[in-house]
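Could you put together the complete structure from these sequences and hints?
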Amino acid sequence: MRICNGWRRFIFYFPLIFIIPLLFSVLELHQNSTVEELHKKHTKKFDHLVLGPAAGHGLRDRLQCRGLKALNKTHFSTPSNTSNVRDTISFVTVFAIYNTSHSTVVDSRTSDLVTVGSTSYSKVERSMAILNVFINFIQVSMPQSSIFILTDPASDLSIRRNSVTVFPIQGEYSRDKLMLQRIRSYIAFLETKFEEHSQMHPHITHYIFTDSDVAVVDDLRQIFHDYPNFHLALTFRNNKDQPLNSGFIAVRGTPDGILRAKVFLQEVLEVYRSKYMKASRMLGDQLALAWVVKSHPLFDAKRFTRPQAFLEEIRGASVLFLPCAIYNWTPPEGAGQFHGMPLDVKVVHFKGSRKRLMLESWNFFSSASCSDISDMLCLVLKSGRTKYDF
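In my numbering, each number is its position in the sequence shown, counted from 1, plus 1.
Please keep in mind that the hints were generated in silico from the structure rather than gathered at the bench.
Glycine is no exception: its CB is placed at the ideal position from the N, C-alpha and C atoms.
Any given hint could be a false lead.
Lysine-lysine pairs mimicking BS3-like chemistry, simulated, CA-CA at most 25 angstroms apart [to be verified]:
| hint | residue 1 | residue 2 |
| --- | --- | --- |
| 1 | K241 | K279 |
| 2 | K45 | K241 |
| 3 | K388 | K45 |
| 4 | K178 | K279 |
| 5 | K241 | K124 |
| 6 | K279 | K295 |
What follows is a list of derived Cβ distance ranges for each label pair [what the hints assert, rightly or not]:
| hint | residue 1 | residue 2 | range |
| --- | --- | --- | --- |
| 7 | H198 | K178 | 28 to 38 angstroms |
| 8 | D345 | G53 | 19 to 29 angstroms |
| 9 | E271 | D242 | 14 to 24 angstroms |
| 10 | F168 | K279 | 28 to 38 angstroms |
| 11 | E173 | L72 | 27 to 37 angstroms |
| 12 | P169 | K45 | 16 to 26 angstroms |
| 13 | D257 | P169 | 21 to 31 angstroms |
| 14 | G337 | D390 | 14 to 24 angstroms |
| 15 | R176 | D48 | 18 to 28 angstroms |
| 16 | H297 | D242 | 33 to 43 angstroms |
| 17 | F168 | M201 | 34 to 44 angstroms |
Below you can see the structure in the form of structure tokens.
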């Protein structure tokens, strides 16, 4: 009888050996799917404007907004402030597009179309729209300046805008080599300008090398007037691993300034080749730039923790360090370490997944709803935490 009872218990509990692990597996699968859904929801990239609270609320030296209206205006340069700055400025950016044949454009239109405002863009058209908005902002804020677009001679780039020059430079412009090529193109451009100086004595033109996804929202000539002793200028932030952003480099247009900036960038290029070729394609140049600066024996990296401009002699060049908060402000960092938008911001950098915001900002600035550029900056500030589809 006891034997029978034992068998009954065994027969009753035996299926549980298989059922219990199965239940745990189902529960774990449900939990994982819930986590994945939350992650997807959290990392969703939007195809329309999403506005939130404006960072920096209540800070008197930060832009304050009510809706999309600025309550305190940004401190922009006035003509009287810059009338004594006679030297001209040229902006320089690297840009290349390929495969814009009719069949490719048609395929792109059907597979990768996005709409901003009332206009739809293919992937190539989207890149061109960003480049055109880059030019638009410069021509509004600094109408007397010129723009050079460094590009691959094989690129299909064709742009006809006043004061804009397409400047072909041979090289490798593939996406995985673009940051490396950008430094090479900068060096080649500076070599050309140095040779022009050696043949004649032209009017001084200073150069500002930037990414094409920036909006210049104030006159930058004052940099060369207020800091007369630097050869090149870099922008920094309080970031231990990536303290320098290569999206903004200013070079004084004197023969000495051009030569020393070229030699400095050649050093950065050599460090990039020897140490950072395996780095992420968007980080190699910034890591190399930081290595050249921080490896200088007398350089104090603690100066990066204070958002104040400073000058250092590095590798034979006088390098001016400008705070990103003013000269390379970015929407996500505005909601983070920058604690809003400084009233004297001069350059907004739409890096990462904020290219849509750049186009939306220009559309808003061009509309009747926007009274001036401070209102547009409220739109940028209130959208700082949002990631977009491009």
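Quick rundown of the hints versus the structure:
1. K241 - K279: Holds. K241 to K279 sits at ~20 angstroms (cutoff 25 angstroms).
2. K45 - K241: Not OK: K45 and K241 at ~28 angstroms, beyond 25 angstroms, violated.
3. K388 - K45: At roughly 7 angstroms apart (the allowed maximum being 25 angstroms), K45 and K388 satisfy the hint.
4. K178 - K279: Between K178 and K279 the Cα gap is close to 11 angstroms, so the pair holds against 25 angstroms.
5. K241 - K124: Since the Cα atoms of K241 and K124 sit roughly 34 angstroms apart, the hinted pair is violated (cutoff 25 angstroms).
6. K279 - K295: Given that 25 angstroms is the threshold and the Cα spacing comes to 20 angstroms, the pair holds.
7. H198 - K178: 28 to 38 angstroms: Holds - the Cβ-Cβ distance for H198 and K178, about 30 angstroms, lies within 28 to 38 angstroms.
8. D345 - G53: 19 to 29 angstroms: holds (24 angstroms)
9. E271 - D242: 14 to 24 angstroms: holds (21 angstroms)
10. F168 - K279: 28 to 38 angstroms: holds (30 angstroms)
11. E173 - L72: 27 to 37 angstroms: violated (49 angstroms)
12. P169 - K45: 16 to 26 angstroms: violated (40 angstroms)
13. D257 - P169: 21 to 31 angstroms: holds (27 angstroms)
14. G337 - D390: 14 to 24 angstroms: holds (22 angstroms)
15. R176 - D48: 18 to 28 angstroms: Because 23 angstroms falls inside the window, the suggested range holds.
16. H297 - D242: 33 to 43 angstroms: 18 angstroms Cβ-Cβ, so the 33 to 43 angstroms window is violated.
17. F168 - M201: 34 to 44 angstroms: Taking Cβ atoms as reference, F168 and M201 lie about 19 angstroms apart, which means the hint is violated.
The structure is inconsistent with the numbered hints 2, 5, 11, 12, 16 and 17, although it conforms to all the rest.
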